[in-house]
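Number of protein chains: 2
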Amino acid sequence: MQGAGTIGIVGGGQLGRMLTLAAKPLGFHVVVINPSPNSPAAQVGAEEIVADLYDPKALRELAKRADHVTIEIEHLDAKALETISKKGTPVNPSASTIQLIQDKFLQKQALKAWHIPVSDFDAVINEDSAVKLLKRFGGKMIIKTRHGGYDGRGNMVVMSKSDIQKALKLFGDRQLYAEAIVPFTEELAVMVARSVTGQVATYPVVETIHKRNICIEVLVPAPVSPVVRRKAEKIATKVADLLGSAGTFGIEMFLTKNGKVLVNEIAPRVHNSGHYTVVANRTSQFEQHIRAIAGLPLGDTSLVVPAAVMINILGERDGPTLAEGIDEVLKIPGVSIHLYGKSPTKIDRKMGHITATSRTLQQARKNARNARKKVVI
Amino acid sequence: MQGAGTIGIVGGGQLGRMLTLAAKPLGFHVVVINPSPNSPAAQVGAEEIVADLYDPKALRELAKRADHVTIEIEHLDAKALETISKKGTPVNPSASTIQLIQDKFLQKQALKAWHIPVSDFDAVINEDSAVKLLKRFGGKMIIKTRHGGYDGRGNMVVMSKSDIQKALKLFGDRQLYAEAIVPFTEELAVMVARSVTGQVATYPVVETIHKRNICIEVLVPAPVSPVVRRKAEKIATKVADLLGSAGTFGIEMFLTKNGKVLVNEIAPRVHNSGHYTVVANRTSQFEQHIRAIAGLPLGDTSLVVPAAVMINILGERDGPTLAEGIDEVLKIPGVSIHLYGKSPTKIDRKMGHITATSRTLQQARKNARNARKKVVI
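If you read the protein sequences in the order shown, they are chains A and B. According to my numbering, the first sequence is numbered sequentially starting from 511. According to my numbering, the second sequence is numbered sequentially starting from 511.
Looking at chain A on its own, in the form it has when it is part of the complex (with noise of 0.2 angstroms):
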């Protein structure tokens, strides 16, 4: 069929299958690069490059395929994205895009240029300035390293000189900067839509939970104040103006106690936090990345039910995949799975996730979470 034209997708894991599952209907094709076949995208019929992400030649293959290339994380080569971009298939988010936030440091100093709120925060060039630093942030701070760090790698929350002097031994010759430790109540993110046309599009505001640096649970709306709630949804368009590129963005902030809204970190990308619009909303955020890249007029936005809850299934064990106790689970109201098709399962890796949608947000969580505890993966 001719028309809608290909989608390339660098990452193939579960956000590219989750696009893929969005842009068949719209009549897209869709190859992916994946460094192991069989990958979440292929399983639901995306053609596959098997390749590392990093890897040039698969990268330019991309391309060659692909009328519209886009990403499914933000660990690459913007370099090489940028060649394919000049070379006349468009790339969105852009390698510059994509480049700024992959330095987070700059990511930083971009949303402060912009007016964006921001905790405080400065580069750690040796021990000295670092000690400085930490007497300005009030003797807690967490070093970060610039590039790279996801999940809460790459981070470490510091309290003295020898804090310091750990931090800077692990993460060796890696550039690095600190930050100020926001004293947030909640933790908020908003997924924000903009398309090449420059339309934009925000989602709810929610509340994003995490255990060991890892999101695990999201509530859909955010239980904040309507002025909270205007305060990020008024960031969150502003940040995707400040990108300037085409996509779906995940906007993660800081709510603190009297009721400032900062920036936390930007994902260049659909996020984690988003993967509720899928039943909850009228347009779900992957296939708001395809209109978004594609060029298609953005859908709407709204939420079909009133709460809903996304939990995640992470893999409890090392092991071959065997998901145990989805009748239990189905059998709880409201309550809807998508397993990713991974193998084997690891501790922490995420293997899956719930969606629980209910009148209220209380009645949401509390199905969430009993139906999380009948799975075995």
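Everything labelled a hint here was simulated from the structure, so no lab data went into it. Hints may contain errors.
Repeated chains share a single entry, so a pair holds when one copy, or any two copies, can fit it.
Below, simulated DSBU-like cross-link-like pairs (lysine-lysine); rule was C-alpha separation at most 35 angstroms, straight line [unchecked claim]:
| id | residue 1 | residue 2 |
| --- | --- | --- |
| 1 | K841 | K574 |
| 2 | K574 | K884 |
| 3 | K574 | K860 |
| 4 | K841 | K884 |
Given the structure of chain A, go ahead and fit chain B onto it with the hints provided.
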């Protein structure tokens, strides 16, 4: 990944495609039989056995690979399915359910025996018996082939002896029966699911609108009184019990001027009149079918929107598929589109569908019709 198992589907068209899209997130593998490669189902990740649907070898191969065998079309070899089932692979709906439905005359007889209201009907043995029936049915009736008719094929309205002669000539030596014409005010449909455990769940009553005997529009919920709604739901539940086996079934009905609800026809499978459930209901008819045949608990069938209208995208010409106007469709609020990935396009071939959701049926219908006009296919 282990755990869920493999679903085998006889047929890989749009219904197989949407069943596959629903089965994958639940952790199932999917295998389909389809006469040509790159079927709509294979495009979303179903493995494909390329063979005629009547090929007994292909059916045996399907049974070997699958834990649960099901169908997306009722025109197939019910006896071969029975053999598979006897050899140990569960087939749902069962071969006997399919056989009953394949013969429209037996279907009607069974409904009547179960005290489910149907229009007057009787077997056509020869010209004489047909002429007598025409008198009995008030001078106007439909002669139908007992087997193999769909979308109006195998049906002929007769009003005279010479019409009858024409019909008998057209249908040759095929087994026939005649039905009185029901002066209906609306055509209704209810999707109903019955699980292998006997659990039954009905979907909302919808109005279906046909053109050239093809379903073109579905209005959700049907604009009927609560009394009619309850009647239709009760009939659907009774039919599910009558059929006995598992799956999602489409029950097509007539609503008469004086408020009677008669069953017109049963589809022993997911059905065009239930496509709206993908965006409008908590659990789609496709996920429900997978749950039903795999012995998983049935899902919540309630609407998550006040109103929805589904419009089929039928091919407008013969030739390679070239879907245009999708961007115009997606501009309309609350409208989504599903293209089935079929090529070539043919006049009246089902190429995709549009679903519009809105606060009122009137608005949804306006948006759906407006959207349909934008598509060139």
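These are the hints, each one checked on the structure:
In this assembly of identical chains, K841 and K574 lie within 35 angstroms of each other by CA distance solely across copies; the values are 29 angstroms between and 46 angstroms within a copy. Proximity of K574 and K884 under a CA criterion of 35 angstroms is satisfied inter-copy only: 30 angstroms between copies versus 45 angstroms inside one chain copy. Within a single copy, K574 and K860 get their C-alpha atoms as close as 31 angstroms, and across copies as close as 32 angstroms, so both meet the 35 angstroms cut-off. In this assembly of identical chains, the alpha carbons of K841 and K884 lie at most 35 angstroms apart only when taken from the same copy (10 angstroms versus 41 angstroms across copies).
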